[in-house]
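Student: Chains as they are written, first to last, in our numbering: chain V, 406 to 788; chain W, 406 to 788.
Some hints here could point you the wrong way.
Computed cross-link-like contacts, DSSO-like style, restricted to lysine-lysine with a CA-CA straight-line distance of at most 27 Å [stated by the list, open to error]:
(1) 519/V to 519/W
(2) 521/V to 473/W
(3) 740/W to 683/V
(4) 519/W to 521/V
(5) 521/V to 770/W
(6) 770/W to 593/V
(7) 776/V to 770/W
(8) 521/W to 740/V
(9) 519/W to 473/W
(10) 593/W to 519/V
(11) 473/W to 519/V
(12) 683/V to 662/V
Rather than coming from a laboratory, the hints here were simulated on the basis of the structure.
Number of protein chains: 2
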Amino acid sequence: MESLIARAELEPKRVRLPLSAFPALENDLLLRAARSEPTPRAPVWMMRQAGRYLPEYMELRVMADFFKVCRTPELACRVSLQPLERFTTLDAVIIFSDILVVPQAMGMEVQMVKGKGPVFPSPLVTPADVAKLNLTPDIESTLGYVFDALNLTRERIAGRVPLIGFCGGPWTLMAYMVEGAGTRTFAKCKAWLYNYPAESHALLAAMSEILVLYLIGQRNAGAQLVQVFESWAGELPRHLFDEFVFPYVQLIARKVKAACPELPMTIFGRGIEHAFPKLAAETLYDVVGLDWQMDPTIVRATVASAAPDRSVALQGNLDPCALYGTEAVIRAEVKRMLDAFGVPGTPGYIANLGHGMQPTHDPEKAGIFIKAVQELSAAPKLP
Amino acid sequence: MESLIARAELEPKRVRLPLSAFPALENDLLLRAARSEPTPRAPVWMMRQAGRYLPEYMELRVMADFFKVCRTPELACRVSLQPLERFTTLDAVIIFSDILVVPQAMGMEVQMVKGKGPVFPSPLVTPADVAKLNLTPDIESTLGYVFDALNLTRERIAGRVPLIGFCGGPWTLMAYMVEGAGTRTFAKCKAWLYNYPAESHALLAAMSEILVLYLIGQRNAGAQLVQVFESWAGELPRHLFDEFVFPYVQLIARKVKAACPELPMTIFGRGIEHAFPKLAAETLYDVVGLDWQMDPTIVRATVASAAPDRSVALQGNLDPCALYGTEAVIRAEVKRMLDAFGVPGTPGYIANLGHGMQPTHDPEKAGIFIKAVQELSAAPKLP
């Protein structure tokens, strides 16, 4: 393992392959579902499917720092592929990376502290600190390593399943940059919205432009669907969501779609069900992700009535903690979830958890989840 | 201060006064609003209004451990009264205590660890551990100190404003008892619901009976309204809420009301808007508390249509982080909130935050919040 890491670091820079070099997809269920086309069964993947619950990931991580894995395409690629190697029927690979690579590209230092998560030694304290940021970083030189990892991973997937790229939403990134770490109160970052609305808008707008270029770059490098994780959007009162979140996630989809009209896009945030009608009716996201607390039956009706003119696919939303249950529990919970999404029978559904895999999950249970979805979502065979 | 604490500990046990000994209320706005009666302006108090943001609280706390303050009626009373002494127009006092005194009464050790919050050195790991608990503790001998604190505080308030008692909801308490500390993933306690549903029901049912007696005891000692903090109910998928939360909070209100039909009761939980129709239509709570993310206009309509036959008052829901704003920001946010609740003009409204005060709040801002509510919620004077 150590020699792998040493080799990975010493390797000469690989020339990225053009998209035309990649083979056609053998399994394109994810992309068809994202376009709300009928599929013989629901595609399934898991948020944070590459990560600490996998012993093969931990084995690699003891040798290399978190961000070193992100920055070394060979390592990021290996980690991204680990879930597909273990769960061979998985319907997608998501690139191993972190939403905080964007603040890093803007010049902020981020450390991953064991037991604490990401920490910014010098967070943004007042708007004057924004002057220290690079608001127009060169995307290739600052984030090209993610594109390299995507390109290499797409090559190694060799057409088996689609490759998912992602980024954090502007508000979630700003929240981290101001708080300097995870938070329960969101006191500092919300204080910015109340006290420095103009400066907050300027920062969010600048980050949105970076994210647009970053997502387009991901697609050009090989990503076949991209997901925006506006994870902390649900912490805001609705009028702050409407003012500081919605316009930016809307803009990101509009600009990315202008450049890459065929690229499916997903938006995910916890506790933002109130925004689903607007996300469905007034943005270009193809897929809306549900957290585990939302009722899929209600969301289906809400989204359909809000956006009668376009199809919006839904993704989610098993309680990640259901995977602590027995096989019987997991299958029953999957069945309940599929029923609520109207599956089989309703197109435009991607099975997933309502939040990410947790470090204390048993990989075997993830396998049971995948199998349960694939069996229980299949349309009954005609006689 | 030290001598105060020494004196408080040495004092002979005070005999509780009967309810008939207390003077009539001068300011009963809270109780009238809780009964959905019209009030000339909205009553206002703040969750966690006695606490770390107050320097006078911190001064006392450096001398005495958190649970020692809870257990010493003279100290708990002093702390409870601090907000009223500082903000003399405040419309209620809430007793200083903690929801975790109930697990303590059941035999669990709880420590308050600085920077970490409450920690249970021996949490419930498997249902076998429930055998170590006392599921039918003698309420007077285990929780009588809370009744003493309530009785003393009611005496010292001397009829100025009502005194609020409270308890945690059964699920929130069980979650703490199983997790052993605060958590982000709720992995262990939710695993109980999936893997040990019968044992979870037995524990929740036993705790509900304790909480019924505890709330009745609070009322008999002097509490004039009680609030159930089912704080973590929003972490559950809805079917788990329906199975493991709703029946117990419903039962608590039914049994407490059977004994104390005149006692107003409030239910609060973050992220449980989905349950408001059922809470309004199928329980006896007089007041439903809103968190800061909920839209009061929508909740008003939902609750009114779910329970056309009874009046349910609403409480909340300013974003606590709005108090990091300037006076102008706070007044604008209060105005927005009151407008959304239809105040002035709509009876049955209690102004509050959507969550508790935070240690980094400035007491002055709390004063601005109180003043803004009291000014802006007043019905315009007739000419």
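Student: Evaluate each hint against the coordinates.
Tutor: Hint check:
no.: 1; hint: 519/V to 519/W; in the structure: 20 Å, holds
no.: 2; hint: 521/V to 473/W; in the structure: 30 Å, violated
no.: 3; hint: 740/W to 683/V; in the structure: 25 Å, holds
no.: 4; hint: 519/W to 521/V; in the structure: 16 Å, holds
no.: 5; hint: 521/V to 770/W; in the structure: 31 Å, violated
no.: 6; hint: 770/W to 593/V; in the structure: 15 Å, holds
no.: 7; hint: 776/V to 770/W; in the structure: 54 Å, violated
no.: 8; hint: 521/W to 740/V; in the structure: 38 Å, violated
no.: 9; hint: 519/W to 473/W; in the structure: 15 Å, holds
no.: 10; hint: 593/W to 519/V; in the structure: 21 Å, holds
no.: 11; hint: 473/W to 519/V; in the structure: 34 Å, violated
no.: 12; hint: 683/V to 662/V; in the structure: 18 Å, holds
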